[in-house]
Amino acid sequence: DAGVIQSPRHEVTEMGQEVTLRCKPISGHDYLFWYRQTMMRGLELLIYFNNNVPIDDSGMPEDRFSAKMPNASFSTLKIQPSEPRDSAVYFCASRQTNTGELFFGEGSRLTVL
Amino acid sequence: DQQVKQNSPSLSVQEGRISILNCDYTNSMFDYFLWYKKYPAEGPTFLISISSIKDKNEDGRFTVFLNKSAKHLSLHIVPSQPGDSAVYFCAASFLSGTYKYIFGTGTRLKVLA
Chain A
1 DAGVIQSPRH EVTEMGQEVT LRCKPISGHD YLFWYRQTMM RGLELLIYFN NNVPIDDSGM
61 PEDRFSAKMP NASFSTLKIQ PSEPRDSAVY FCASRQTNTG ELFFGEGSRL TVL
Chain B
1001 DQQVKQNSPS LSVQEGRISI LNCDYTNSMF DYFLWYKKYP AEGPTFLISI SSIKDKNEDG
1061 RFTVFLNKSA KHLSLHIVPS QPGDSAVYFC AASFLSGTYK YIFGTGTRLK VLA
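If you read the protein sequences in the order shown, they are chains A and B.
Heads up: the first sequence is residues 1 to 113, going by my numbering.
Heads up: the second sequence is residues 1001 to 1113, going by my numbering.
So that you can see chain B by itself, here it is in the shape it has in the complex (with noise of 0.2 Å):
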């Protein structure tokens, strides 16, 4: 049972459009999410993260917002660049007790020149 779902298996974007790569779970405990960007042959990296007290977190150019009563958070990158191609993972975990991270299947981004 996936808790942490990411239905969209692939993006594509012009460059310097907007990027907006949605996830969705189905524990309402969960109280911290994370994204994570992945290049070809190397590990996930940390890109951004939120808890659930707030419903939007922002960094340079990407923003993650939180939508708790839809159990729903999304990436938006603006403006995209060809470097940002990659594959973005959402995660949700719980700031105390159990520290299990859930992760999503991934979405494929590719920004086009």
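Extracted from the complex, chain A is given alone in its bound form (with noise of 0.2 Å):
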């Protein structure tokens, strides 16, 4: 299986800008979850999906992050605009019901100028 699969590696953008985060999970896992790596807090659950549903959106930092999975194979993560201090790296996992392990992709890089 090639696993979680995330783009773009890096995104280096202006403040103001879009930005557009995308990630595959891996084939057959029914939930989803992007996470925030961060200095201060460390990974910070920002939204989980289960069966493509949004389930615990409450760490989304703000109304300009909105995420969608408009199917078991696909989801965006999408900040407008962006901040300088939306600078992090931005992880993606998923798992299956039936499973304790969650498997990471290798992240997005962000940077706001």
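No wet-lab data here; the hints were simulated from the structure.
Check each hint, because a few of them may be wrong.
What the hints assert, rightly or not - Calculated pairs, DSS-like style, for lysine-lysine (alpha carbon to alpha carbon, straight line, at most 25 Å): (1) A:24 x B:1100; (2) A:24 x B:1037; (3) B:1005 x B:1071.
Given two chains presented individually in distinct reference frames, assemble the corresponding complex, making use of the accompanying hints.
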């Protein structure tokens, strides 16, 4: 299996621009998670989906952040407009219901200038 | 409010010695705990887990201990090797119901040759 695939690996943009991060979970996994890694907060859960339905988005920092999962093999995390404090590494992860292990992608490093 | 805390941001250990990484949690309803290891520019990878019905789980050089009354878990690595140098995250979750994984801020382990 190819694992969780994220794109882009690196994104540099200017403040105010729209940013879209993409994720393809492992086939057959019915849970998908978006995390953000920062020095201060470690791995911070933003939102997670079960069978393409958002279950908990309480970690999404502001209305500038939105996430969608139109089908079982694709999810996006969008930031509009982006701000310098959004600079971080964003991880997507997936798992199956009956297993405990969470599988992470390699992350998308976002820099907002 | 940080529900999972790793109070030591970094740790240095001599090769061959024991590494002990600590983690505290605040929610007594957590019943499943995991440790993940993260190398630079890679996603976190699963290392070892423990459910709340056990107080110890061992896998090769890695042992996780759980003290439910103290809401504390620790990861022991014996013997430590230079390849173990990485950031270690502990995470807490629930075996049923909500499947949120709450991660700590991480501890950077450096094993000195």
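To see whether the hints hold, each was checked on the structure:
1. A:24 x B:1100: holds, 19 Å
2. A:24 x B:1037: Distance of about 22 Å is within 25 Å: holds.
3. B:1005 x B:1071: holds, 11 Å
Violated hints are absent here; each numbered hint is respected by the structure.
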